[in-house]
Structure formats: C-alpha cells, structure tokens
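Trainee: If you want the building blocks of each chain, they are given just below.
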Amino acid sequence: MTDSIRAQNVTVRYGAFTALREVSLELPKGVITGVIGPNGAGKTTLLNALSGFTAVHSGTIHLEDRDITDLPAYRRARLGVIRGFQTVRLLERESVLDNVLLGTERLPQPGDISQLLALRAQWRWKKSAREEAREVLQLLGLSSESERIVDSLPFASRRLVEVARVLVSAPPLVLLDEPAAGLDQRGRLELATALARVHQQSGFTLAVVEHDIDFVTKLCTNVIAMDSGKFIMAGTPEEVFADPRVQTSYFGRSTHAQA
Amino acid sequence: MSSSAQSLSSAIRISDRGLRWRHLPAIFVAVALALVPLLFFGDYWMFVAAKLLAFGIAAMGLQILYGRAGQMSLAQGSFMGVGAYTGYILSSNGVSPGLQLLAVIAIAGVVALIVGLPTLRLSPLRLAIVTLAFGELFNWLLINTSQFTGGTQGAPVKPFVVLGLDTSYPLDAYLLTLAFAVVLTLLALNLAGTQSGRRMAAIRDTEMAAISVGVFLPKTKLIAFVLSAVFGGIGGWLYSGVTGFIAPPDFDLFASVFLLAAVVIGGSRTVIGAWLGAAFIVLLPEGFNLIGQPNLYALAGGALLAITALLLTDGLYGALARLTGMARTVLSRKGSIR
Amino acid sequence: MGSSPLGQLLLGGLTSGLLYALLLLGFLIVFQVSKTVNFAYGHVGMVGAFSAWLAWSSWALPLPIAIAFGVLLAVIVNSAIGIIVITKIPPDRPGLDLIVTLGIFLFLTAAMQLLIDAKAHAFPSLGGGSRVVIGGIVVNANDIAIIVLSLVVIGGVHLLFSRTTVGMALRASAESPAIAESAGVNVRMLRLGVWMVAGVIAAVVAVLVASRLSVDAFYMTPVLIKAFVAGMIGGMDRFFAPLAVAVGIGIYEALAIYFLGASAGTPAVFLLIIIALAVIPKRFTAARHEVRA
Amino acid sequence: MSAAQKLKSIRILAGVTILGLALTGCAVSGSGSGGGDAAADCVPTDIGPGVTDSTIKVGTTMPLSGSGAATGLATRDGQQAYYDMINADGGVQDRQIELIVLDDEYDPSTAQSRMRQLVEQEEIFVVSGGEGTPNFLGSVPYLERKKVPAIAPYAPSDQLGNMSNPHIFMAAVDYITEFQSVTEYILEQDSPSKVALVAVAGNVGENSEEGIKNEIGDKDIELLYIPETPGTTDFTPIVSQLTQFGAEYVYLVLTNADTGGLLKAMDRVGYQPTAVAWGGMSDSAYISEYGDVSQGMLVALETANLSAEDPASAEFMAKYEELTGAAPTKFNQQGWVQAMITTEALRNAEGLSRGCVIKSLESFNEFETGIYPPITWGPDRRDGVKSVGVAVIEGTELRVLQDVK
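If you read the protein sequences in the order shown, they are chains A, B, C and D.
Under our numbering, think of the first position of the first sequence as 1, with each following residue one higher.
Under our numbering, think of the first position of the second sequence as 260, with each following residue one higher.
Under our numbering, think of the first position of the third sequence as 598, with each following residue one higher.
Under our numbering, think of the first position of the fourth sequence as 891, with each following residue one higher.
Only chain A is shown next, with the shape it has when bound in the complex:
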C-alpha cells in the first residue's frame, strides 16, 4: 500500500527569489531516493513543497493519483507524508519516549474524551503505542535513553529522536532533510543500516536530502540531482555521480562549501 509522490512544473518563489523553478520529478514507490545538490539548490524547498510547508506558486503535486497541491501540511501528514527537519524540532522538556510517541498522531487514536478521562481504550492504545515506540528506539539504539528529557541529550541522539518520531507511525512516504548531519562516521553508518532495515520491513518510499556521498550511495538506489532551484537529473547513484553536470555543479562547489 505504498504511495509515490509526483511533482509537475512546481515553482516556488520567496518574494523576488525563485527557490524552485519548473521542477518536475517523482519518487518511485518503495524506493529510497537521495536528493543531492549544492547549498541553495532547492533541496529543502522541494521537501517543503512536497510536505506542504511551502505553498507552490505554480504547478501541481500528486500523491498517487490524488492532487494534494492545495492540501495543508497536517492533512498530507495524515495521508502518510511524514517529514523530518534539518534543524531538529523536539518537545524540549519532554522525554525521548514522548517525543517519539508524538509521531503516532496519524495512527487511529482513541477519542480525546477517552484520552483525557483515561478510559480503557486509552490504556490499551497507550500500551500498544509504547511498544511501537520502543521498537523504533531499539532500532535506532536509543532504548536506554527512552525516559530522558531530550534537552539533556547530545546532538547526535537528538537527531535520532527526530528520525524516530518520523518513523514510529510506519508512514508510507518519508522525507528526511540531512538526517545524518552532525553524526560521526559510525553514527551515519548505523542510521543508514537502520533506515535500510525499516525499508526492508515496510518497503516505504523514502527521500533523503544528503550531502554525504557515502551515505547516499550506501542507502539509495535512486538519486535526484538539483542545482539552483532546477531539477538536473535522476538515476542510479553511479549514473548521477558520473554525470558531468553534477560533477561541475555539485562537487565543484560543494568542495569549497565544505572547506
């Protein structure tokens, strides 16, 4: 029951500045796609447009064959389009577990009344939801931290909590924005393996914005290259990284971007 999302001639403007120009692309079902490009290529804007956090100036976005161009972000999330943020956004004073549980929003919940009055339905749901959360935390190696308050966690773990919140509801379509940024080599590897494992289990569609080529090549079977708001090409990692346009635009600049 996985979906694929499709953008057609999507243009996004911020005042005079055009962040996305006539972009048309799609994320194939059940495939992990890497989105690469130098800073300011429009990668994050693309994610925002797909997840509904930015209004598109022109063009359409389809989820499966449903037009979701004008659907507000929270509705898209309920349809299973869940995204993570480049700058971690967490409930700073709540525990890791609660942060992850927040992600269960799109799953069928007991009504507010039975939640507030702690009726039986709520107890049952609570038990099962906590199981879900524990599994994800297990997967990302956070089990030991589950009762800790997130503002006391090291940055790497905070990132993982963000990822866990995204994954806990087993969404059909996941958009991650540089999930490995700030992780050390080992962390990146673990994260990649974890994502790969989840993908094996649920076969969800995943788009990852990422600078780190190793990470992309290890994880992604499909890569989309962008530059200055335009879609350049899509293909297997090998094809894309081999392509001269990508060579110049991406490596050319990103090297001194990293320097």
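These aren't lab readings, by the way, just hints derived from the structure by calculation.
By construction, the Cβ of each residue, glycine as well, lies at the ideal position given by its N, Cα and C atoms.
Warning: the hint list may mix true and false statements.
What the simulated footprint calls covered on chain A by chain B, stretch by stretch (three residues with Cβ under 8 Å from a Cβ of chain B suffice, anywhere in the stretch; the number is not a length) [said to hold, decoys possible]:
id, segment
1, 77-83
2, 88-100
3, 104-110
4, 114-126
Given the coordinates of chain A, assemble chains B, C and D onto it according to the supplied hints.
Mentor: The following block gives chains B, C and D in isolation, referenced to the frame of chain A:
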C-alpha cells in the same frame, strides 16, 4: 530526572512497575498533606485549606493552558466566575448541586469555545489581551445584571448539601473540595501521558513538528482552552460553596493575574507547580496572620511575590526538584534504597 | 457651554487618547529594546505624580520644581525596575517579567499609601481654568498643552530612533543583542537609558492625567490597561500604528460613552478589541517574534 | 502495596472518617450555640465567647489598605478613641473593651476570611461597627450563619436594615432613604424640571435612583441616570450628556476622586448646575481637596455636622481632640458613634451572651448619640434611623441647611 508530570502519571500507569514504585513516596507525601487539615486544623484553617483546594483546581486548569500548551490567558479568574455564578443562579432556582456541576462544566466549556474560536490565530501576548478583554466584559456583565447576579453587592450562595456533607461547615467543605481536587489532579497528571497532552506540548515547543506529524493545531488549542476553562469553572463553583458568598471582585482581572502568578511562581511546567503556586498565593496572607501582622501583607506581599519570582526562576517546583535531587544523591551515596 | 457637543467630545477623546498614546510610547520603547512587559509602568508614573503633589502641597515647593522632583523619582524607580529585569530575569522564562512587575506594582501601591496616604487629592489643574470658546467648542490651556506636548514627545522619540546613531544602536540591539554587542554597542547601558527615558514619560503622563482627574495611589491603572491594549492591537513591534490605535481608543471611548451611555463604555471598548484582534489580517497576527526575539 | 502498608492506610482512613463525623458534629453544635433565631433567647448567666472577667473582645474588618483605606483607618481611629475613653472610665460591666480591626482591603472575600478569623481565631464577642458596603456584605451571610450580632456598621445597602439579615443592626441609612430624604429637601426649596444622577454603576446607583424617583413621584420632573464605572479616565462625555440634557441639579454618588474629576471636567467647559453629593462628600478630607470646584454643592449629612455652634458636636470635638490631639473628621466621628452604640448595647445587656446583646439592641428606643439621628430598633426592626440632614459647601466649611435630627 524526568518532569514530575510524567513521573507521577507514570506512577499511576498500569504498566511500568519500576516507575510506579519509584514514585510511591510522592503519592504518600500528597496523602499526608491532604490529611494534615483533618488531623490538626480548626474551623478557620480548615476553611483556608478548602479555599486553597478550590483555588488550586483553577490554577491546574491554567497550568494546562499556559504551562503545557504555552497559551497565555488573563481570564482564568473570569472562568472561575462563570462557574461560581452559574452555580449561584441555578441554586437560587432550586437546582441540585449535582446538576449545577454538570451545568458549570457545560457552560464554562461553551463560553471557552466562544472566546477561544476567534483567538486561534493569535500570538500568546495577543491571546492574553483578548482574554483580558473577555474578563473585563464578564465583570461588567456581573455588575450590570444585578437582578440575576446581585451586582456590585455580591450574592450569598446557598451551601452545597451532598452525601450528608454541608459546605457551610469548613470540614465538609474541605472534604468535598478535596474529593474534586484528587480526581482532577489525577486527570491533569494523566494528560501528560496522552496524545492530546503531547499535541499541546508540541504547540508550546514546536508547532512545525506538530504539523509535520499531522496535528491540527486549532483543535488542540481549543481543547486546551476549554479544558482549562472547565477546571476554572469547577474551581470557582467550589469556591462559591466554600465561602458562601461571591462578588465581582473575586473574579476580576487581578484574580486572573494572581492565578497566572500562582502558575508561574509554582513552576509552570508541572501540575505540582500549580499546586505549590496556589498554596503560595493563598497562604502568603495567612502567613502574615500567623506572625500576628495581618495588616502587613498589603505592603510586604507584593515585594515577596517579586523576590520569590526572582530567586526561584524555575518556580517553587524547580527549587523542590533540586532539593529532592540533592537528597536522592545524598541517600544513594549512603548506599540506601534506590 | 459647549454648544457643539460632538466637537467637545472629539476634543476630550483626542486629549485622553493622546495621553494613552504617550504612556504607550514609554511602554513600547522599553518592550522593543528589552522585550519586557512592565505591569508596574503606570505606577511608576503614579509615584512621580503623587510625590510631586506631596512636594507641592506639603513641602510648598513651587509647582515646576515639585514636578521635576516627581519626574526624577519616577526615573529612579523605573531604572531600578529596569536593572532588576535586565540583570535578574533569565531569557526563556515567559511570564516571569509579568509576575515580577506585578509584585513591584503591588509594592509601589502599598509603599506610596504608607509614605503619603490612601486619599485622593486634587492636583493643580495646569491651565484647566483658562478657557476659550472656538466654534462652540470650549478649549482650555490644559487640553492644548497635552496635545502639543504629546505630539512633540512622540515626534522627538521617533527622530531619536530613526535619525540618530543612538537610534541605530537601539534598533540593532532590539533586533539582535548579540550582533549589537559584537558591533561594540553597550546593549545594557542602552537598555537602561531607554528605561530612564520611559520613566520620564511615565511621570509626565501621570502628572497630566492627575491634572485632569486627581492623584492617589491607584489612578494610573486604567490608563495603563488601555495603553497596553492599544499596543497589542497596533503591534508592539511597530511605532506609529499602536500610537494611532491608542488615540483611536480614546476618541471611540468618548463617542461610545456619549451615545450608548456611560456604562456602555467598557463593553464597547473591549468588544471592539476582541473584534479587532479576531479580524486583523494574518500578517499582523503572525507576530510570534513579538514574544521571541 | 505491601500488606502492612494496606493495613496502615486502612487504619488512617477509618480514623479520618470517624474524626470527620465527630468534627462535623462539633461544627453543628458549635454553630448552634449563641442563641436560636434572631428573636434571641437571653440567658443572663451565659457567657459569650471573647468575654473574660476583665475584658470583652469586640472587632470588625475595615479597608486599612487599598482604595478604601483612608475612610477605614479614620473610622478605626474613631472607634479606638471612644473605647480608650470608656476603658479609662473603668470600661463596661467592669470589663475593659478590647478592639481588634483587621484589614479587608475593601474586598468582600478578604473581608469574609478576616471576619472568620475574628470570630473563630480571635473569638470576638460582637462585631463593633465596620466601614464600606461591598466588603462588609461579604461577611454578612457568615455572620448570620454564626448568629454574631453586628452593631451599626457603616455599609449603606438595601440588603441590610431589615429582618432578612436579623443580626445586622443598621444605624446608617441606605441610599434609597438618603436620596429620598435629600430630594425631599430640594423639592421643598425649589421646583426643577430636569435633574440628573451620576452614580457608581450597580446597586449604589440603582438605589440612589430609586430614592430620587420615590420622592419625585408623579411630579413633572425629568430624571436622567448616568451610571459610572470607577476609574473613568475621561469625564467629557458625561459632562456633554449633562449639558445636552440641561440638568439643573446633578446628583453625584461617586468616589471622592471621581466626584472631584467630574466637577473639574464640568468646570473645564464652564457648566455649573447645582451639584448634590452623598454623605461621604461632607467629610473634610473631601472638602479640603476639592472645595474649590465644589462651592455651593449640596451634601447629605449622615452624621451631625462638626461645627462649634452645635453644642453636642462641639462637646464631641473637644473630647476627641483632648483624647487624640487631632481634630476629628467625619469618619472619626463615624467610628466614634459606632463604638458608642456598641458600648451602649453591652452596657444594657442583662448578661454577656450574644443573645442578651441582641435583646438589648432590640430595646434601643430613640437613643440619642448627638451624631446620628435618634436610634430605634425593635424585635422586627433593624433600620435604626430613617433620615439624613442636608448641608451646603461654602468655602472650606459646611453650612447646615437641614439638621440630621
């Protein structure tokens, strides 16, 4: 250590025996505190205790709205008024306390919906102003409908007589308010462990994350607002039963500001904080009575409020948590339980 | 006899509106540089005016000197509050400033009652006696003084903010204290300076209000509330919009009271507030940085 | 929890419930003591709370801080001065009278808390006077429940002074009577066609309006009622309404500050009708402040005018100055007479139980205070006086037009 809202809610969780045991002490402390008046207090202090409980219930409501959902309200006192006057008007038409309670809950909720709907888009400060405006309107209404409300002269409230309790006796009033306080405290604590509670926290900390997982913010804001109003209404209704007299000044802007002060001073992040704050605000004047200087309160009260707020920037709860934290470490160094 | 009631109303509304605006101005500049809601601000003015009255009536000082004395006190008190708030209140403690200043508010009331008394006193009417009739409208020196003075002060502060280097520094430290610091601006001193200026404004407004009504330990609260409300509607991060709203409230209130009856004044004003805030365009209400920043 | 804990908690619970029932019992009987209904049964041998062989504790709450403080403090001092005098002469029934006044901040709920404190902690015998309507009303339901007699509080209200609150003995008129009485005087002197009333919104205003209406009856006089909310920041609109209406007499039932503020606003536009104010404005505290804008204003006299001409008040003024070293104000006088009436009631009580005090209060008949009109209470009468005097402000003095007696 985890925030007490969770620790206590986990203490009442069915699952997680470990947590449950760890927080038994907290529960015993609460029970002990609740017993103090019964064992040691005479009529006057029993009355103060009952008033404190009613006030604390309203403070808990504001804690949900301000501390958990991060929405600032200057109308909690007015919602106490909505509860109190609803009860009064009904009781003067011979409606039984049970039905009064239902009406109080319903009307407080509906009023909150009406006030809340237009404010959904507003930033916290602006929400504060709208609630302030509502409070002023409500007070004006009380004064200008004297045929129903008794106007500026206030209104004597028939004591509640339920299950052989008669709130005109401080002890009975205390027992009744205590029953409500216990139930509502458990509900407030439970909120922390629910998805509704997390949605509210998300509105407070990061609306983006809330939206990204599919939270519809306006609905959550409204629920928080209505919930706090219902707590306020019940608190006000009980207050009217405890004191047997209500008047507009009991529910004016200052009443609301003092409730906010209670929540902030107590430590806005936790339900316990609301109780500590309520205790501080209610007992401060009584403290001056104890030292035989009842008339000094007017002068020193304000200064004390400011100083306490400055010294304990994390609120009384923060200080308490630090103390218990130290105690724990000391104990564990002595290698005792834990 | 005001044979033109409407004109008379507008004049009255305008003058009290300008008084709200003037008080709001002081409230505003403090909020903009140190993001503090000073609940006690009206009382700072009260301290000034009330002590001015004491100096004038009991110590028989000449009025100007008495007023100067009051202003000085107000500056001292407001700076004290400023220092406390700036140095003692950590950021990310929303609401704490409100509570602290509430405490100070209560303390100031009680203190002034103790030092002077709890009675209401008549303040010199500052030209309220000398009047001329223009087009059926009775205008007196007091009204004119208020109109001129408030326009001058508002204009002056605006120039200070927009034209001078101090103003630049202020705006910078309002935008981002860190950057301002790095640019060699002494943010703390600047903020303190603003608090002092605000102190002056508060005292001046309080004296003017007292000259129209009377002075005691409480009379400034309603003025402050209306000024505050105007600031919220107009936007605490703007300059002229909120001040205009303040004047508007003054006039609207006068008209409402005249046409709907005195007891209708309160509901008329606050209903307007609710409606105004509920229908304000999004860009206005998307003012989250109001509380952050 | 462990079996041991279970047992323990069960025992606590049981204890609490029993204790609870017991206490409830006490509470019931406790409130029963002090005599049945208001038509009090007086058992001379009974000794009420707060009474020892050497002292009688009396008390009340008054605004000692906040916007009402000025009048509260003055009234308290007046009472204290009188009791000092009585105690110096050996007290009442060979007992010294001990006065306790707590601060109610002019707030009803605070007033009630303090009153409970007085009755339950301090164990006062009776309530001696009081000052301020809304705050005192806050204590009334409690006093009635506890059957504690309250003697001559200054709390003008149509809710008091009748058998619906039989334990409150009123020697101050409510606003209905006050303005009926004042209007009666005005209509004897003059026949205006338009009068206006500017009064604090709510019961005060409504009562004043009712009083004026009662007196106007079917006479052809237009009455404009403008309710005001304390804290008005701009009086221009009210003044405009008055000028438009063209009122010849303007009744003012406002706080000192607002009365002064409104008169100033009238003065700013040069509008000068005959102002008529309630009793509070006959206080020197007002006249000394706002005399200049209040020239020719009529004021109700609730207490005898403090002037050397009248022998009774001359004597009082001398006495007061001798005791306190300061000339009395209206509210000192107010407190003085409250204490005087309380003392009289205690002196005439057959026994020092609340029941007997109530009985002695009900036996008051044309009691002359020299300050209030003669006071009469009875088994079914609680309004001790039914008229006020009228005076006019001239310079810094009051000239009596119609005496209180």
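Trainee: Hint by hint, which ones does the structure fall short of?
Mentor: none
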